[in-house]
Amino acid sequence: MRADLYAVLPEIAILASASLILIAGLFIPQARRAISFWLAQAALLATMWIVVSTAQVGTVRAFHGMVVDDMLGDVLKLLALVAVSLMLFYGRAYLEARGLFRGEAFVLVLFALLGMMVMMGAASFLTLYLGLEILSLSLYALVALQRDAAAPAEAAMKYFVLGALASGMLLYGVSMVYGATGSFDLDRVAEATLGSQGNRTLLAFGLVFIVSGIAFKLGVVPYHMWVPDVYHGAPTPITLLVGTAPKLAAFAFTLRVLAGALKGMEFDWQGMLIVLSLLSMTLGNLIAIAQTSVKRMLAYSTIANMGFMLMGFLAADLNGYSAAMFYTVAYVFTSAASFGVVLLLSREGFEADAIDDFKGLNRRSPWWAFIMLLVMFSLAGVPPMLGFYAKFAVLEAAVNQGFVWLAVAGVLASLVGAFYYLRIVKLMYFDEPTDREPIVAPGGTRAILSANGLALLVLGILPQPLMGLCVVALAQSQF
Amino acid sequence: MLPYLSLAIWVPILAGLAVLVVHRDDDASRARWIALAGALAGFLVTLPLYFHFDVASGALQFVERGEWIPRFDVWYHLGVDGISVLFILLNSFTTVLVVWAGWEVIESRVSQYMAAFLIMSGLINGAFSAMDGVLFYVFFEAMLIPMYLIIGIWGGPRRVYAALKFFLYTLLGSLLMLVAFVYLYNVTESFALQDWYRVPLSLPVQYALFVAFFLAFAVKVPMWPVHTWLPDAHVEAPTGGSVVLAAITLKIGAYGFVRFILPILPDASRELSAFVITLSLIAVIYIGFVALVQSDMKKLIAYSSISHMGFVTLGFFLFSPLGVEGALVQMISHGFVSAAMFLCVGVLYDRMHSRQIADYGGVVNTMPRFAAFMMLFAMANAGLPATSGFVGEFLVILAAVKVNFWLGFAAATTLVLGAAYTLWMYKRVIFGAVANPGVGALADLSRREFWLLAVVAAAVLAMGLWPKPFVDVMHVSVTDLLAHVARSKL
Numbered sequence: 477m478r479a480d481l482y483a484v485l486p487e488i489a490i491l492a493s494a495s496l497i498l499i500a501g502l503f504i505p506q507a508r509r510a511i512s513f514w515l516a517q518a519a520l521l522a523t524m525w526i527v528v529s530t531a532q533v534g535t536v537r538a539f540h541g542m543v544v545d546d547m548l549g550d551v552l553k554l555l556a557l558v559a560v561s562l563m564l565f566y567g568r569a570y571l572e573a574r575g576l577f578r579g580e581a582f583v584l585v586l587f588a589l590l591g592m593m594v595m596m597g598a599a600s601f602l603t604l605y606l607g608l609e610i611l612s613l614s615l616y617a618l619v620a621l622q623r624d625a626a627a628p629a630e631a632a633m634k635y636f637v638l639g640a641l642a643s644g645m646l647l648y649g650v651s652m653v654y655g656a657t658g659s660f661d662l663d664r665v666a667e668a669t670l671g672s673q674g675n676r677t678l679l680a681f682g683l684v685f686i687v688s689g690i691a692f693k694l695g696v697v698p699y700h701m702w703v704p705d706v707y708h709g710a711p712t713p714i715t716l717l718v719g720t721a722p723k724l725a726a727f728a729f730t731l732r733v734l735a736g737a738l739k740g741m742e743f744d745w746q747g748m749l750i751v752l753s754l755l756s757m758t759l760g761n762l763i764a765i766a767q768t769s770v771k772r773m774l775a776y777s778t779i780a781n782m783g784f785m786l787m788g789f790l791a792a793d794l795n796g797y798s799a800a801m802f803y804t805v806a807y808v809f810t811s812a813a814s815f816g817v818v819l820l821l822s823r824e825g826f827e828a829d830a831i832d833d834f835k836g837l838n839r840r841s842p843w844w845a846f847i848m849l850l851v852m853f854s855l856a857g858v859p860p861m862l863g864f865y866a867k868f869a870v871l872e873a874a875v876n877q878g879f880v881w882l883a884v885a886g887v888l889a890s891l892v893g894a895f896y897y898l899r900i901v902k903l904m905y906f907d908e909p910t911d912r913e914p915i916v917a918p919g920g921t922r923a924i925l926s927a928n929g930l931a932l933l934v935l936g937i938l939p940q941p942l943m944g945l946c947v948v949a950l951a952q953s954q955f
Numbered sequence: 121m122l123p124y125l126s127l128a129i130w131v132p133i134l135a136g137l138a139v140l141v142v143h144r145d146d147d148a149s150r151a152r153w154i155a156l157a158g159a160l161a162g163f164l165v166t167l168p169l170y171f172h173f174d175v176a177s178g179a180l181q182f183v184e185r186g187e188w189i190p191r192f193d194v195w196y197h198l199g200v201d202g203i204s205v206l207f208i209l210l211n212s213f214t215t216v217l218v219v220w221a222g223w224e225v226i227e228s229r230v231s232q233y234m235a236a237f238l239i240m241s242g243l244i245n246g247a248f249s250a251m252d253g254v255l256f257y258v259f260f261e262a263m264l265i266p267m268y269l270i271i272g273i274w275g276g277p278r279r280v281y282a283a284l285k286f287f288l289y290t291l292l293g294s295l296l297m298l299v300a301f302v303y304l305y306n307v308t309e310s311f312a313l314q315d316w317y318r319v320p321l322s323l324p325v326q327y328a329l330f331v332a333f334f335l336a337f338a339v340k341v342p343m344w345p346v347h348t349w350l351p352d353a354h355v356e357a358p359t360g361g362s363v364v365l366a367a368i369t370l371k372i373g374a375y376g377f378v379r380f381i382l383p384i385l386p387d388a389s390r391e392l393s394a395f396v397i398t399l400s401l402i403a404v405i406y407i408g409f410v411a412l413v414q415s416d417m418k419k420l421i422a423y424s425s426i427s428h429m430g431f432v433t434l435g436f437f438l439f440s441p442l443g444v445e446g447a448l449v450q451m452i453s454h455g456f457v458s459a460a461m462f463l464c465v466g467v468l469y470d471r472m473h474s475r476q477i478a479d480y481g482g483v484v485n486t487m488p489r490f491a492a493f494m495m496l497f498a499m500a501n502a503g504l505p506a507t508s509g510f511v512g513e514f515l516v517i518l519a520a521v522k523v524n525f526w527l528g529f530a531a532a533t534t535l536v537l538g539a540a541y542t543l544w545m546y547k548r549v550i551f552g553a554v555a556n557p558g559v560g561a562l563a564d565l566s567r568r569e570f571w572l573l574a575v576v577a578a579a580v581l582a583m584g585l586w587p588k589p590f591v592d593v594m595h596v597s598v599t600d601l602l603a604h605v606a607r608s609k610l
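Those protein sequences? They're chains H and C, same order as listed.
Note that the numbering used here has the first sequence beginning at 477, numbered continuously upward.
Note that the numbering used here has the second sequence beginning at 121, numbered continuously upward.
Certain hints may be false.
As the list claims (entries may be wrong) - Part of the chain C face toward chain H, derived, beta carbon under 10 angstroms: (1) His143; (2) Trp188; (3) Phe192; (4) Val254; (5) Val258; (6) Phe260; (7) Arg279; (8) Leu284; (9) Leu292; (10) Val299; (11) Val302; (12) Asn306; (13) Tyr327; (14) Ala328.
FYI, nobody ran anything at the bench for these hints, they're computed from the structure.
Note that the structure is a prediction, hence the values are computed from the model and not measured.
The beta carbon of each residue, even a glycine, is placed where N, CA and C say it ideally should be.
Take these sequences, add in the hints, and give me the full structure.
Shown next, in the form of structure tokens:
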């Protein structure tokens, strides 16, 4: 029992602190809400410490095989904690200016994080589903945080209806897999599918529904419709949250289900992922060109990027999985920095949502223009930024498995993508500013956002540590 | 021995960052002086590369090798041979010119301007010395970022269009090359160029890789018909940008042919040589005629660059020492001459703010010293003996005649065409009566401009009169390269 609890210590810590902040929120006057903020940050920091200090070599299964504590889970949990912490820092001024800086925001964010962490450490379809629902329900509520405005409510409604549909599909698929193999346990299912036991037709049907559910959560074409609306409608800090840490959880989900439990069905899901990847890369990048809102543009950019990530994943070997993981991590932190700059430019009554709001940023502030330049070139995959090595790794994985044509399609899609990222650079550097308000942000936020942006360059010049970490984490967790 | 190649890369880059850090909006002179010091230091550290170069050896020299990304077996592997060493010198020399040329002319965002050129200079040196595929690609692509900003921020009226066209065109080619790199990595399990030289490849594979490499480098050279970005980029770029584009970045494309295409894909190169030679001749002749009808001086020089670079690719695909050496000499000579021509146009543009030939006439009456310098450069551009322009063209024509008389004949038309478009432009701009009051009020060269042009003029004359030091350096490496290309990799 003690070993069981030890394995889920980080989740317990987050749950306990979420509950604590919820209760404490009752007694903290709105004027001193910063206490909740710092409590949440302290909880995140403490949980990071717990994750690091309880990390051990090897895999531990707990609660009768319901959860697993392995290095993959530890690494992803740590990165998700960092991403959520960044989100709270970047979003603080925005939330304060709009009266959203309330206790429930922190509680919901922590619950969403709890859901992600449960997904990352799941060893059974039930645990996976449980984590997914904790995450999704918290996110639905967070998107609707600004409940008196029309756009967030609409976005939350769309997100909820489509999300519920996807969850239903996923559950339907899981039930078929259960019917064919007689188990929810990912390892048992893996044994059954690898050993060619169970009804293959039933398994194939189940797989289709499961892949659909995963595709929805990743937001890849043709299950992408919710992404632009939710990104656009949600308050920007929540958009940042939706666009970053849950991608890590979705990666863990994809990996544990497809590369773990359904490894025996590799040739079936490989074909599906090729279609999803190809459609996402091309459509995501093409439609992004037409956007005039930064948030919508970044939404389509997410779709395209998840397509790229799948290109690495569908190589279906350690090389491919580690490339996909590296891609996801690189994307999460690039995306966090991009929304961080959008949040920095926004202020009371001004969203900085139109791409024209970036006009002449180099005149207003050369430093933030430079940070955004790094982010944009990283997203475009231009060296020496981190994003280049991410694209490079997934291309290598695809070519390695003989998908040269898919790699060529991918690079052509990223050429299209370069166009709209360059347009932001063009607005910042080549145009004259229309908005001359000074950029105000707390010093701490500035320092963190600068570090985040510069990390894209530094990790681009020295990518080995992060790349190596992804390989080691996956190899240690037997993928 | 000091790591001269690393110094050649990182001294300018660090100097560029230093310029950015110390910048003050009210006092640009500090940025200028730091930039000049950085450019001079960058040039000085490349001098040992020439003086300590062993001309008797075709092997890589000044090699530095350290592990960089073990995950993909990528190494920080630098080295130069007789082919690449001269381009590093040329690049570092040009950077000094560019910083100097932009001294008073650039008034807005001086620190960013200087920093962009210095950082680009370091990246270009990296591309010329990288002996690892990924390392090369990183330098090759990263230099697009400063060039994009240079054209877009300090360029002419259509700068946004030109910058975007430049970036996307080059990116298209290089992305396909990245796939080719990854493919070669999967075959050889290494990104080392030397491993790629050795690996046997079947002919269909060589063809496919040829297409990818060819697109990347042909866009950069640029060869007809993918040249259309160059006139736009040149016309809109500030003088310094045009100088670096013409003198250096075009050379990286041509360098890619000898560093990648010929040695990695020798069979495809031989099979497709007729194709490349045809494109080269179209560039030489057709683009020569196009240059003839230009009314914009910068556009005329841009087209003349394309025509001259056609000579370079022609020389490479004749597969004879004479041809390859002629092409390499032509590359270096063109580096000096095109830089000088763009500097001359810059001198006029700074005074009159027009690049139209029709706006000028009779400049010799008010700017006699300038007219003398431009005369020399125009002659060099036309390939007159005793200037650097003659040596390369003559060697390539000689090599072409040895292959086929009519091939040499077609190539030799450049001597006529080059003289026609350059001298005709010179006549319209410089000679005649003073065309308008603007020309009448022109002031002759300032001391800065005089010495700037004098330095380049000395280089042009020296290379024309005594090309041996240049040819000696490359001779052994070229012989080795051709011996390698002659062996089949099937």
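Each hint, compared with the structure:
1. His143: 8 angstroms, holds
2. Trp188: Holds. Min distance 7 angstroms.
3. Phe192: 7 angstroms, holds
4. Val254: 7 angstroms, holds
5. Val258: It holds, given that the least Cβ distance between C/Val258 and chain H is near 4 angstroms, below 10 angstroms.
6. Phe260: 8 angstroms, holds
7. Arg279: The hint holds - C/Arg279 has a Cβ within 10 angstroms of chain H, the shortest such distance being about 7 angstroms.
8. Leu284: 6 angstroms, holds
9. Leu292: This hint holds: C/Leu292 lies near chain H, its Cβ roughly 5 angstroms from the closest one there, short of 10 angstroms.
10. Val299: Holds - the Cβ of C/Val299 comes within 10 angstroms of chain H, reaching about 5 angstroms at its closest.
11. Val302: Because about 5 angstroms separates C/Val302 from the closest Cβ in chain H, which is inside the 10 angstroms limit, the hint holds.
12. Asn306: Holds. Min distance 5 angstroms.
13. Tyr327: The hint is violated - C/Tyr327 has no Cβ within 10 angstroms of chain H, the shortest such distance being about 14 angstroms.
14. Ala328: 8 angstroms, holds
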